[in-house]
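J.: Sequence:
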Amino acid sequence: MHSFAERPIRLIEEVKAESEALTNLDEICEKLCAFVVEGNDGRQLDESLCSRLLAETVWAVIAEATKLSLDENSLDEILPHCALSNAIVTAYKVYKDRLREQLSTVGWEYPHVVDIDWKIGGVLETSEGKESGTVAEIHFDTIATGTCDIERISFHCDVNQLQVSQRLFAFYLYFDGDYQQLWK
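Counting with this note's numbering, you get residues 1 to 184 for the letters of the sequence shown.
Accuracy of the hints is not assured; some may be wrong.
Claimed, not checked - The list that follows gives simulated cross-link-like pairs (lysine-lysine, DSBU-like), each with its CA atoms no further than 30 Å apart: (1) K67 <-> K16; (2) K93 <-> K67; (3) K31 <-> K16; (4) K96 <-> K16; (5) K31 <-> K67.
Hints were generated in silico from the structure; no laboratory data involved. Since we're looking at a predicted model, the values are computed, not measured.
Could you put together the complete structure from these sequences and hints?
T.: Below, the structure written as C-alpha cells:
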C-alpha cells in the first residue's frame, strides 16, 4: 500500500490557524468536496467562501485519500488532529464514493495510440533556395486515459527525422512499451 503524501499534511499545518478562526468549517469543506464532485477545477472558486490556500489544502487531502481508496477512519488516523482535519473527514465521508467516481478519470498514463495515418510528399526548390526533398506527414489518433474522445496528434518530418523516429519506436517495442527504458 502507498503511503499518504506529505504535501497535504504540510498544507493542513500551514492553514491550521486560519481554519481555527472559521465558524463554518464543516460547511466550507462540504462545499469544496461538492465543487470537485461537480467536475469544477479551482479556477471557478468563489474566494468569499475561503482562501485559495485553504481550498487547495482540502482538495489535496481529498485527492490523496481518494487516490489511496482510504475510508474515513483511516484518513482520520493519518491527518493531524485539528478542526480542519475533522471537517475534511466529515465531508469526505459524505462525498467519498462520488469523489472516487469523479477522480477515477484522472490518469497518469500517456494516451494510447489507436490509429496511425501517414503520407509521403515532396518539397520543391523555392525562391529562397530551399532544396527539394521528401517530407513525411504523420498523424496519430490517441485516446487519453479515462476518456473516450479521440485526439489527433500530427507532425511533419524529413527523411532523417523519420529514421530517428522509426528507431525510437523500434526500441520502444523492444522494451515492451516501457518508454523510460529508452533513456537508461
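J.: For which of the previously enumerated hints does the structure constitute a violation, in increasing order of number?
T.: none
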